[in-house]
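A.B. asks: Spelled out, the chains give:
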Amino acid sequence: MHHTRLKDLVESVGGRLEGDPDILLSGIAPLESATASHITFLSNPKLRSQVKHTKAAALILTASDSASIAGDFPGARVITDAPYVYFAKAAQYFAEKARVPVAPGIHSDANVAATAKIARSAYIGPFVSVEEEAEIGENCIIEAGSFIGRGAKIGSNTHFHARVSLLALCQIGESCIVHSGAVIGADGFGFANEKGKWIKIPQTGRVVIGNDVEIGANTTIDRGAMADTVIEDGVKLDNQIQIGHNCHIGAHTAMAGCVGVAGSAKIGKYCTFGGAAMVLGHLTIVDNVHISSGSMVSRSILEPGQYTGFYPLAKNAEWEKSAVIVRNLASMREKIRELEKALKSIGHDKNEQP
Amino acid sequence: MHHTRLKDLVESVGGRLEGDPDILLSGIAPLESATASHITFLSNPKLRSQVKHTKAAALILTASDSASIAGDFPGARVITDAPYVYFAKAAQYFAEKARVPVAPGIHSDANVAATAKIARSAYIGPFVSVEEEAEIGENCIIEAGSFIGRGAKIGSNTHFHARVSLLALCQIGESCIVHSGAVIGADGFGFANEKGKWIKIPQTGRVVIGNDVEIGANTTIDRGAMADTVIEDGVKLDNQIQIGHNCHIGAHTAMAGCVGVAGSAKIGKYCTFGGAAMVLGHLTIVDNVHISSGSMVSRSILEPGQYTGFYPLAKNAEWEKSAVIVRNLASMREKIRELEKALKSIGHDKNEQP
Amino acid sequence: MHHTRLKDLVESVGGRLEGDPDILLSGIAPLESATASHITFLSNPKLRSQVKHTKAAALILTASDSASIAGDFPGARVITDAPYVYFAKAAQYFAEKARVPVAPGIHSDANVAATAKIARSAYIGPFVSVEEEAEIGENCIIEAGSFIGRGAKIGSNTHFHARVSLLALCQIGESCIVHSGAVIGADGFGFANEKGKWIKIPQTGRVVIGNDVEIGANTTIDRGAMADTVIEDGVKLDNQIQIGHNCHIGAHTAMAGCVGVAGSAKIGKYCTFGGAAMVLGHLTIVDNVHISSGSMVSRSILEPGQYTGFYPLAKNAEWEKSAVIVRNLASMREKIRELEKALKSIGHDKNEQP
Numbered sequence: 001m002h003h004t005r006l007k008d009l010v011e012s013v014g015g016r017l018e019g020d021p022d023i024l025l026s027g028i029a030p031l032e033s034a035t036a037s038h039i040t041f042l043s044n045p046k047l048r049s050q051v052k053h054t055k056a057a058a059l060i061l062t063a064s065d066s067a068s069i070a071g072d073f074p075g076a077r078v079i080t081d082a083p084y085v086y087f088a089k090a091a092q093y094f095a096e097k098a099r100v101p102v103a104p105g106i107h108s109d110a111n112v113a114a115t116a117k118i119a120r121s122a123y124i125g126p127f128v129s130v131e132e133e134a135e136i137g138e139n140c141i142i143e144a145g146s147f148i149g150r151g152a153k154i155g156s157n158t159h160f161h162a163r164v165s166l167l168a169l170c171q172i173g174e175s176c177i178v179h180s181g182a183v184i185g186a187d188g189f190g191f192a193n194e195k196g197k198w199i200k201i202p203q204t205g206r207v208v209i210g211n212d213v214e215i216g217a218n219t220t221i222d223r224g225a226m227a228d229t230v231i232e233d234g235v236k237l238d239n240q241i242q243i244g245h246n247c248h249i250g251a252h253t254a255m256a257g258c259v260g261v262a263g264s265a266k267i268g269k270y271c272t273f274g275g276a277a278m279v280l281g282h283l284t285i286v287d288n289v290h291i292s293s294g295s296m297v298s299r300s301i302l303e304p305g306q307y308t309g310f311y312p313l314a315k316n317a318e319w320e321k322s323a324v325i326v327r328n329l330a331s332m333r334e335k336i337r338e339l340e341k342a343l344k345s346i347g348h349d350k351n352e353q354p
Numbered sequence: 001m002h003h004t005r006l007k008d009l010v011e012s013v014g015g016r017l018e019g020d021p022d023i024l025l026s027g028i029a030p031l032e033s034a035t036a037s038h039i040t041f042l043s044n045p046k047l048r049s050q051v052k053h054t055k056a057a058a059l060i061l062t063a064s065d066s067a068s069i070a071g072d073f074p075g076a077r078v079i080t081d082a083p084y085v086y087f088a089k090a091a092q093y094f095a096e097k098a099r100v101p102v103a104p105g106i107h108s109d110a111n112v113a114a115t116a117k118i119a120r121s122a123y124i125g126p127f128v129s130v131e132e133e134a135e136i137g138e139n140c141i142i143e144a145g146s147f148i149g150r151g152a153k154i155g156s157n158t159h160f161h162a163r164v165s166l167l168a169l170c171q172i173g174e175s176c177i178v179h180s181g182a183v184i185g186a187d188g189f190g191f192a193n194e195k196g197k198w199i200k201i202p203q204t205g206r207v208v209i210g211n212d213v214e215i216g217a218n219t220t221i222d223r224g225a226m227a228d229t230v231i232e233d234g235v236k237l238d239n240q241i242q243i244g245h246n247c248h249i250g251a252h253t254a255m256a257g258c259v260g261v262a263g264s265a266k267i268g269k270y271c272t273f274g275g276a277a278m279v280l281g282h283l284t285i286v287d288n289v290h291i292s293s294g295s296m297v298s299r300s301i302l303e304p305g306q307y308t309g310f311y312p313l314a315k316n317a318e319w320e321k322s323a324v325i326v327r328n329l330a331s332m333r334e335k336i337r338e339l340e341k342a343l344k345s346i347g348h349d350k351n352e353q354p
Numbered sequence: 001m002h003h004t005r006l007k008d009l010v011e012s013v014g015g016r017l018e019g020d021p022d023i024l025l026s027g028i029a030p031l032e033s034a035t036a037s038h039i040t041f042l043s044n045p046k047l048r049s050q051v052k053h054t055k056a057a058a059l060i061l062t063a064s065d066s067a068s069i070a071g072d073f074p075g076a077r078v079i080t081d082a083p084y085v086y087f088a089k090a091a092q093y094f095a096e097k098a099r100v101p102v103a104p105g106i107h108s109d110a111n112v113a114a115t116a117k118i119a120r121s122a123y124i125g126p127f128v129s130v131e132e133e134a135e136i137g138e139n140c141i142i143e144a145g146s147f148i149g150r151g152a153k154i155g156s157n158t159h160f161h162a163r164v165s166l167l168a169l170c171q172i173g174e175s176c177i178v179h180s181g182a183v184i185g186a187d188g189f190g191f192a193n194e195k196g197k198w199i200k201i202p203q204t205g206r207v208v209i210g211n212d213v214e215i216g217a218n219t220t221i222d223r224g225a226m227a228d229t230v231i232e233d234g235v236k237l238d239n240q241i242q243i244g245h246n247c248h249i250g251a252h253t254a255m256a257g258c259v260g261v262a263g264s265a266k267i268g269k270y271c272t273f274g275g276a277a278m279v280l281g282h283l284t285i286v287d288n289v290h291i292s293s294g295s296m297v298s299r300s301i302l303e304p305g306q307y308t309g310f311y312p313l314a315k316n317a318e319w320e321k322s323a324v325i326v327r328n329l330a331s332m333r334e335k336i337r338e339l340e341k342a343l344k345s346i347g348h349d350k351n352e353q354p
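Line by line, the protein sequences are chains A, B and C. The UniProt record's numbering numbers the first residue of the first sequence as 1 and each following residue consecutively. The UniProt record's numbering numbers the first residue of the second sequence as 1 and each following residue consecutively. The UniProt record's numbering numbers the first residue of the third sequence as 1 and each following residue consecutively.
Treat the hints with care, since some could be wrong.
Straight-line alpha carbon distances no greater than 20 Å define the calculated EDC-like cross-link-like pairs of lysine to aspartate or glutamate that follow [claimed, not checked]:
id, chain 1, residue 1, chain 2, residue 2
1, A, K344, C, E174
2, C, K335, A, E320
3, A, K335, C, E334
4, B, K266, A, E32
5, B, K335, A, E334
6, A, K315, B, D287
7, A, K197, C, D287
8, C, K117, C, E96
9, C, K117, C, E174
10, B, K341, C, E340
11, C, K344, A, E334
12, C, K335, B, E334
13, C, K321, B, E338
14, B, K200, A, E174
15, B, K341, C, E194
16, C, K269, A, D233
17, A, K197, C, D81
18, C, K197, B, D233
19, C, K341, A, D233
20, A, K153, A, E133
21, B, K321, A, E338
22, B, K335, A, E11
23, A, K335, B, E318
24, B, K344, A, E338
25, B, K335, C, E320
26, B, K269, B, D233
27, C, K200, B, D81
28, B, K197, A, D233
29, A, K335, B, D287
30, C, K197, B, D81
31, B, K269, C, E174
32, A, K315, B, E303
33, B, K341, A, E340
Per the computed footprint, the stretches of chain B lying under chain A, defined by three or more beta-carbons under 8 Å from a beta-carbon of chain A, are [claimed, not checked]:
id, stretch
34, 213–226
35, 329–336
In short, the hints are calculated from the structure, not lab data. For glycine and all other residues, C-beta sits at the position ideal for the given N, C-alpha and C.
With the rest of the complex left out, here is chain A (with noise of 0.2 Å):
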């Protein structure tokens, strides 16, 4: 168990320390969770009350909210504007403290060929293919059984855990984080139909991936038909998404898991995707759209904002009433055009009355 002084901490992260800097800290917890040996944060104002129960030496909290507990928590504090931010910054020092070293150099299973680039600094992992020509920068950690294509290119710092696939010509950036299972760059879905029959469309297009992105497990991203698939900066994919040839994802993106994007779609920058989300084909999204969980993007977004669409969850009884109507909302309509109509002819012989 590594500790660390909280005034390193401090000096590291930032944030305004208040009270004893020699506190010895193992890591961070939530308030509930927390030792004697942990700082802790109050990142969600709801949860003040808590703070006068955690066992916790130290707290991560705002000015305000600083001032809103006073006296209830007797331990050091570290003051900022965002703690939740300060959180997950703090518990990247742990961990990177914490973090069992990889020692770099090319495992005598992994298989690389004579035309292949590996930066020293690089590990390269048991059970490994790096095909010809393939290209991975310094510091990279390539664990086992992942598979290198021809002519693919890794930036510095990038860690594939195992298993991951990345196909010829394919590249990634710097300090991305791919995990296992991804596939990246198979060939995108495309052809064209012949009386029936399916002729493919060779897809000769790359995925072009920009720097600090995350990838999750079993997510897979397609290479383009002719032109790319470009994912840039920033952008983060949880598991099980699948993103068709030659979609455009902008920089900050983050997509929960399970999203679906095909192909061609253009998706703007900042924009999230709660999960099991659908975005059609060759439609645009602009920057800062949020579509919630479970909904269907069948046309493009051009303004700004939340957008939903799921069938709401009720007893299987009432779904099955529900459900019925929905398929008749047509004749529902035209029930209240009738109304409306025998309505106006009740009131004209009403007003003709003499």
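With chain A's structure known, arrange chains B and C on it following the hints.
C.D. replies: Showing chains B and C alone in chain A's frame:
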């Protein structure tokens, strides 16, 4: 082809045998495809009329169905309260007889770290990586290309098919089955947002899986952020499922293919989820809840029962009509309110007439 | 860069050549990005006006479009009835010219069982496992890290990308393409329930796949419970698709990414499924049915046509209103009935007035 005497099957699986105990059986098959060397089963009373056409040598059924079919079936009978359960157990019996045995030992093309502990009776296939301090129990079968991370633990009698990932420090119990391509213990999807950019929250929890759990092909279960993701005993997960970080899934809950569960969802015991059902994060589902396929669970469910929420399928032209109305239901409701008002005012007028 | 004379392309792919047969072509590109060494195509008459701006040396189009654009394009023309199909075939022609040849043979880092049969012209990459009695046909390419189970069979000219699993006894035909991470033949999801616990039903059927089938990255196709799961000739499956046990998918049916098909569904020929469409188990879909993206097929479809069922997307605030009403449609219907009754009674009263 292995053959079993009926009496040996009944001795192993149970039930009351009526008829010739020495019939030789090669396996179990449905009523319509069984041949003279098969035992078959009647689990659905609606299929009683098919009994007279089956060629099977023996029949598993309830006492009541046995009385109903009277002389329609000339072969041997096995009487049981639960013929479908009996079918499953008999099928296991025959599958076990037909199983190609796996010789214990570590394949010469595996890569096993010096500090890993592998039980003598376990099989480790080619191109399997077992990292430092991992532990693999008695009679485990770890097939080709699987990855067992640092400090991960696998209980006895557990079977990993080819190309499974179990990441560092995660653990799985006894008698589990994990299918090809599954990824257990990838990072959960956790970020803090700092002025539009995503700051990664290290995922330092584990995945902890009980006994008798089955995990489908290409299913992903993320490790916890700080605490663990927990899958209790007897849970059955089909293919392509995504379980987010810090979820807790109660014992004997089953999920069909393509289900997604967002982070920190707490799901009870004995629940079932139809294919592609989705569960939002940070909510609670009590025991014995059944979610229909394609339904989105967007709030906690605190009462057992069946819940559904998907848009009913229709011919496209009809759907287009109903979808337009669904988007404008608020205006339909408004029209109805106006009609009600108008009618009321007419009623008043009418009553006021002399 | 390979260059081809236009006449050689036309000789191989067909069509009527108008103009200089000796133009040298490096490849095919869309109207707007084609350069002077490209052939391009006009498959959508709406794009006719772009023809005058393209820099391409040659143009594929219909006779009627050729007449329409008159002198707008000065280069060579290839006249065909189906320019998009011609584009696909021409792209294949160029891709084949540019293909990096794969030398036949078994890589020294592969693991091939003694009883496996590998055609001389096949390529088996590093870290591929081929188990006992498996068969791999002529000109097959089996890339790094793939797993071919005991007794599995692969027809000639089939290409497995890196890290594919084909499990024991399953078979796939000729000229198929299977993308990275696909799993063919994992156990179907079959259990009997005994007092809350799930008893596994051994999955002893196979997956049997025809010729000219393409299977996307991380797609999973489960083996049958007792009978087989069948995928007929020419089926095209995109990424992240789940096909349950004992499904039967008819020839030339295509499914886009993230589709899920539950067990024992019988799907006809020439069907198409949009992304994330879901099909419940034990139902029948006839030939020439087209399911829109995000739609749930919850009952058999016995009539060809296009079917749809997803909740229309709206701004979140609007969706919240419509979703509340959808949940209470039964009460809305009740109000309409009351209005109809009230109106009728007023009508009667009115008629009864002297």
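A.B. asks: Each hint should be assessed against the structure and marked as holding or not.
C.D. replies: Verification of the hints:
As the CA atoms of A:K344 and C:E174 are separated by approximately 70 Å, the hinted pair breaks the 20 Å bound. Restraint check for C:K335 and A:E320: satisfied, since their Cα atoms lie roughly 19 Å apart, inside the 20 Å limit. Among the hinted pairs, A:K335 with C:E334 is consistent with the structure: their alpha-carbon atoms are about 12 Å apart, no more than 20 Å. Simply put, B:K266 and A:E32 have alpha-carbon atoms about 18 Å apart, close enough for the 20 Å limit, and the pair holds.
Simply put, B:K335 and A:E334 have alpha-carbon atoms about 12 Å apart, close enough for the 20 Å limit, and the pair holds. Simply put, A:K315 and B:D287 have alpha-carbon atoms about 15 Å apart, close enough for the 20 Å limit, and the pair holds. With a CA separation close to 14 Å, the supplied pair A:K197 and C:D287 stays within the 20 Å bound. Distance hint between C:K117 and C:E96 is unfulfilled; the C-alpha atoms sit about 28 Å from each other, more than 20 Å.
The suggested pairing of C:K117 with C:E174 holds, with an alpha-carbon distance near 16 Å, which does not exceed 20 Å. Simply put, B:K341 and C:E340 have alpha-carbon atoms about 14 Å apart, close enough for the 20 Å limit, and the pair holds. At roughly 17 Å between alpha-carbon atoms, C:K344 and A:E334 fall within 20 Å of each other, so this suggested pair holds. Of the supplied pair hints, the one linking C:K335 and B:E334 holds, its CA atoms being roughly 12 Å apart against a limit of 20 Å.
Between C:K321 and B:E338 the alpha-carbon distance is near 18 Å, which keeps this suggested pair within the 20 Å criterion. Taking the CA atoms of B:K200 and A:E174, the gap is about 15 Å. The hint holds against a cut of 20 Å. Of the supplied pair hints, the one linking B:K341 and C:E194 is violated, its CA atoms being roughly 57 Å apart against a limit of 20 Å. With a CA separation close to 42 Å, the supplied pair C:K269 and A:D233 exceeds the 20 Å bound.
With a CA separation close to 16 Å, the supplied pair A:K197 and C:D81 stays within the 20 Å bound. Restraint check for C:K197 and B:D233: the C-alpha separation of about 10 Å stays at or below 20 Å, so the hint holds. Pair hint C:K341 plus A:D233 does not hold up; C-alpha atoms about 63 Å apart against a cutoff of 20 Å. Simply put, A:K153 and A:E133 have alpha-carbon atoms about 9 Å apart, close enough for the 20 Å limit, and the pair holds.
Between B:K321 and A:E338, the direct Cα distance comes to roughly 18 Å. Compliance with the 20 Å bound is thereby established for this hinted pair. As the CA atoms of B:K335 and A:E11 are separated by approximately 64 Å, the hinted pair breaks the 20 Å bound. Between A:K335 and B:E318 the alpha-carbon distance is near 17 Å, which keeps this suggested pair within the 20 Å criterion. Between B:K344 and A:E338 the CA atoms are separated by roughly 17 Å; this keeps the pair inside 20 Å, and the hint holds.
The suggested pairing of B:K335 with C:E320 holds, with an alpha-carbon distance near 19 Å, which does not exceed 20 Å. Simply put, B:K269 and B:D233 have alpha-carbon atoms about 10 Å apart, close enough for the 20 Å limit, and the pair holds. For the hint linking C:K200 to B:D81, the alpha-carbon distance of about 18 Å falls within 20 Å, and the restraint holds. Between B:K197 and A:D233 the alpha-carbon distance is near 10 Å, which keeps this suggested pair within the 20 Å criterion.
Using a Cα cut-off of 20 Å, the hinted pair A:K335 and B:D287 is violated, with the two alpha carbons roughly 43 Å apart. Between C:K197 and B:D81 the CA atoms are separated by roughly 16 Å; this keeps the pair inside 20 Å, and the hint holds. The suggested pairing of B:K269 with C:E174 is violated, with an alpha-carbon distance near 46 Å, which exceeds 20 Å. With a C-alpha separation of about 10 Å, the suggested pairing of A:K315 with B:E303 holds against the 20 Å cut-off.
A distance of roughly 12 Å separates the Cα atoms of B:K341 and A:E340; the hinted pair therefore holds under the 20 Å criterion. By the rule of at least three residues with a Cβ nearer than 8 Å to a Cβ of chain A, the coverage given for the stretch 213–226 of chain B holds, with 4 such residues. Taking a C-beta to C-beta cut-off of 8 Å, the stretch 329–336 of chain B contributes 3 residues in contact with chain A, enough for the three needed, and the coverage statement holds.
Hints 1, 8, 15, 16, 19, 22, 29, 31 from the earlier list are contradicted by this structure; the remaining hints agree with it.
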